[in-house]
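**Student:** Start from chain L and add chain H according to the hints.
Going down the list, the sequences are from chains L and H.
So the mapping is simple: this note's numbering equals the position in the first sequence, first residue as 1, plus 29.
So the mapping is simple: this note's numbering equals the position in the second sequence, first residue as 1, plus 29.
Derived from the structure by calculation, the hints contain no laboratory data.
It cannot be assumed that every hint is accurate.
Selected chain L positions facing chain H (Cβ under 7 angstroms, derived; list incomplete) [said to hold, decoys possible]:
{"no.": "1", "residue": "R167"}
{"no.": "2", "residue": "K196"}
{"no.": "3", "residue": "G229"}
{"no.": "4", "residue": "T370"}
{"no.": "5", "residue": "T374"}
{"no.": "6", "residue": "A377"}
{"no.": "7", "residue": "S394"}
{"no.": "8", "residue": "K397"}
Model, not experiment: these values are computed from the prediction.
By construction, the Cβ of each residue, glycine as well, lies at the ideal position given by its N, Cα and C atoms.
Below, each chain spelled out in residue letters.
There are 2 protein chains.
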Amino acid sequence: MFFRKNPFGGQYTIFCGLDEVLKYLAHFKFSATDIEYLKSTDSLSQCEDGFFDDYLANLDCSEVSVRSMKQGSIAFPRVPLLVISGPLGVTQLLETALLNLVNFPSLLATNASRMVEAARVTTVNGKAPSCLEFGLRRAQGPDGGFTASKYAIVGGFDATAHVLAGKLLGVPIRGTHAHSFVMSFSSLDEVKGMTVNKKGTSDAVELLPLVIKYRKSFGNHWQKTHDGELAAFISYGIAFPDGFLCLIDTYDTVSIGLKNFILVALALNDIGYVPRGVRLDSGDLAALSLKCSKVFKDLAKQTKRDFFKNLDIVASNNINESTLDAMNKNGHAISVFGIGTHLVTCQAQPALGCVYKLVQLNNISRIKLSNDLVKVLIPSCKNVYRLYGKDGWPIGDLMVDSEEPEPTIDSRIMCRNPYKKKDYISVKPCRVEKLHTVVWDKNKGVTIDIPSVDESKKYVLEQKKAMLPGVIALKNPKEHKVYVSDKLFEELHRMWNSCQQV
Amino acid sequence: MFFRKNPFGGQYTIFCGLDEVLKYLAHFKFSATDIEYLKSTDSLSQCEDGFFDDYLANLDCSEVSVRSMKQGSIAFPRVPLLVISGPLGVTQLLETALLNLVNFPSLLATNASRMVEAARVTTVNGKAPSCLEFGLRRAQGPDGGFTASKYAIVGGFDATAHVLAGKLLGVPIRGTHAHSFVMSFSSLDEVKGMTVNKKGTSDAVELLPLVIKYRKSFGNHWQKTHDGELAAFISYGIAFPDGFLCLIDTYDTVSIGLKNFILVALALNDIGYVPRGVRLDSGDLAALSLKCSKVFKDLAKQTKRDFFKNLDIVASNNINESTLDAMNKNGHAISVFGIGTHLVTCQAQPALGCVYKLVQLNNISRIKLSNDLVKVLIPSCKNVYRLYGKDGWPIGDLMVDSEEPEPTIDSRIMCRNPYKKKDYISVKPCRVEKLHTVVWDKNKGVTIDIPSVDESKKYVLEQKKAMLPGVIALKNPKEHKVYVSDKLFEELHRMWNSCQQV
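Next up, chain L with everything else stripped away, as it sits in the complex:
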């Protein structure tokens, strides 16, 4: 299984989905009702009973072996992510399921990784902004949303607003309140008499009078900042005094929401709490963030309250790689990005084209031709090595026939462009990393610990650090070369020629 082109115009792909592949292999089985259904279909009406009752009923992955890259590996075009060996029937049946389990997770993790890189270009208050996954409502159903949340974290996102993913995967959850929460309040009467304890004490304090005091002190422009929204913020501050972060765009971000936030933030701070920040969800996010940041900085001076310097400005609403890019260019003060639609739908390229091809049968190589060069299959069962140079950076990936000896640091190795005879290099690597390990053994089943979200996320970070920065770059990235051995090159061209002679 491999892909032919890195997504999103980039030069790398993060391999994910291995965890689900292993679970699938372990549970692969036709149930009695599956077989009953298949017997009833027109397509299979000509099959013998033995096909169903002997073959399908007893079929599982106990004769299959699988080698794989580690989940979270950085992978490149044409390099096998997984190598599946076993009886022809069952290995053909695995095709669609395995592609389904690898394509979207790998695409999503790669998308997340790129968005995190884009988000971290601008530092805000000396820190790189963090990224939250906000996409459940736009994903392909509940499970599509769950898959997206999982691999967004693996790809580098800091947390998700998908609470079930938090529960089932143990990943951090973060979110804010909804517009509907704000809209459910219409008058300050609704929060009259509501109290919150002074931080760390059991002194109950009514918040409204404190807020009203500040409102009066700020002059005319602050007298009519939508009482409903102000009541909502007061109510929210009373419920979550330690987590006071307000969505401020329900009526108008700067003239209403920002002011209401400040009033309640000051009141909460008076009784010992440290407000967290604001969320922008519409309009020109970069410009609004700068505006809010300026107001907060001025207030920090005016009021001598340091919390104003450290407030988070969360932004969401149709954020993608190119809007992040534009915001970086023009400047912004956003410390947290909430990214939904463009993350989970991978809008910039909604599918990764992994394919699953027969390359060898009974020890004989197989090829598939195409008028499109990139679609000509490289035959044979392969081993893959990442070769490193003196400077510690990768030189490229080398595919060799699995019958060939492992490349070593002691000898020169010929590395060839599979499609161009004259494009080759001779390399003496300083380090050779074998990229595949056996993950499913026909006798033992799963041979590794199923990779966890945490472990996979860490490995993505390691892998990104180990790559030449140019390869990971979002703009004008450099190609990490994929080579084949002399033997594979010869095999490919021998078979190609013999097919073309027919």
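**Tutor:** For chain H alone, coordinates are given in the frame of chain L:
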């Protein structure tokens, strides 16, 4: 719940997902482990025990009521798809789940409907081409793929290659063999001695000699048409003599695959079977289909075998609305389209922007403003009616406050553009169709039969026929107008003004 803009540059949207919404409402419940998890989160660490153990533990949808359009309805911007009423807490908790369950199904069904329309522009052998869903491998995980298969059928696709969807939904399944099946054969020796019974008899006939006889009779160009592929087709013909449809692009479509298909087709026909056709999966699909069709027509004359006139030409590989459009322009002979990636990822627009907004609380209307006109919320709980004119075609949809009387055919009704004071019409409709029915009742739960795939698919067809053809058109479609009543218009502008005065 409503959306603001029709997807894919069109003027209509098919509402789907109601079946899953109803199941979700019926099962909405916080389990003991959910509550345990929520108690453990930082976000909720300040909540009282009673919130978890009394409120959440006992929360369900037994105080919620839901009105909805029928699944498969054609829907328009700003018209509520669902109207949810109930206690504020639970109805806010439903937001993300309900959006998740409606957004993707509605988008997918709309995408499928448009692709079916585009596919049916050109008739082939006097029939409109059919459409098969081929997208499982590129969908968002197994469940994303299942959702896609289901609503593709609802939107008008004829069948799916997703066998589990066939089993669980009872929808038709269709597919072909894989490239890997073809590549698993390398020599004619592999099919030597293999027999198939003459149609309707128990006379076992060896197929290979019949094929070889035809190969010889066709002259030089036919002697070396890749023996491996020819063996694969012979093997397939023996296994499925009544379903003989071959994927012919593994080595070369016209010079190899097409010839191999013809040889086996003739042999199978000699013993009473009617071959089905070929599948193209790469290259210029339209041009290749015309080439194949011409060869088949010539052969029908030459060999006097009528089956050649009726062969299906199935095409797949990155088909979308615009490639269909181009093929229609230039001509093609494709009778079956297999559409995968672009269907299930909705590549042209991977998300529908349904939103879920608070419009009324304790019988008082709520509004949310925005600098973006289209994002200004129309307040109040609404009823929606489709008004029909004398000619039987719809005039538009009219939203009225749910306190207002139902519009009738006896009186003139003022229909207003919600945002433009001077844009209105006065209408005396010949028919008034109420678009919402109660689907979930706080006392009874689900009040309708959960809509089946079949029923929903039929309703989509009915609805499309009931719309002015211009509204459904793929190119330069006409707008189906959405109006508000006088009362709603006044309410919107009264609230808008009062907010802007702050």
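**Student:** For every hint, state whether the structure bears it out.
**Tutor:** Here's how the hints hold up against the structure:
no., hint, result
1, R167, "holds (4 angstroms)"
2, K196, "holds (4 angstroms)"
3, G229, "violated (13 angstroms)"
4, T370, "holds (5 angstroms)"
5, T374, "holds (4 angstroms)"
6, A377, "violated (10 angstroms)"
7, S394, "violated (10 angstroms)"
8, K397, "holds (6 angstroms)"
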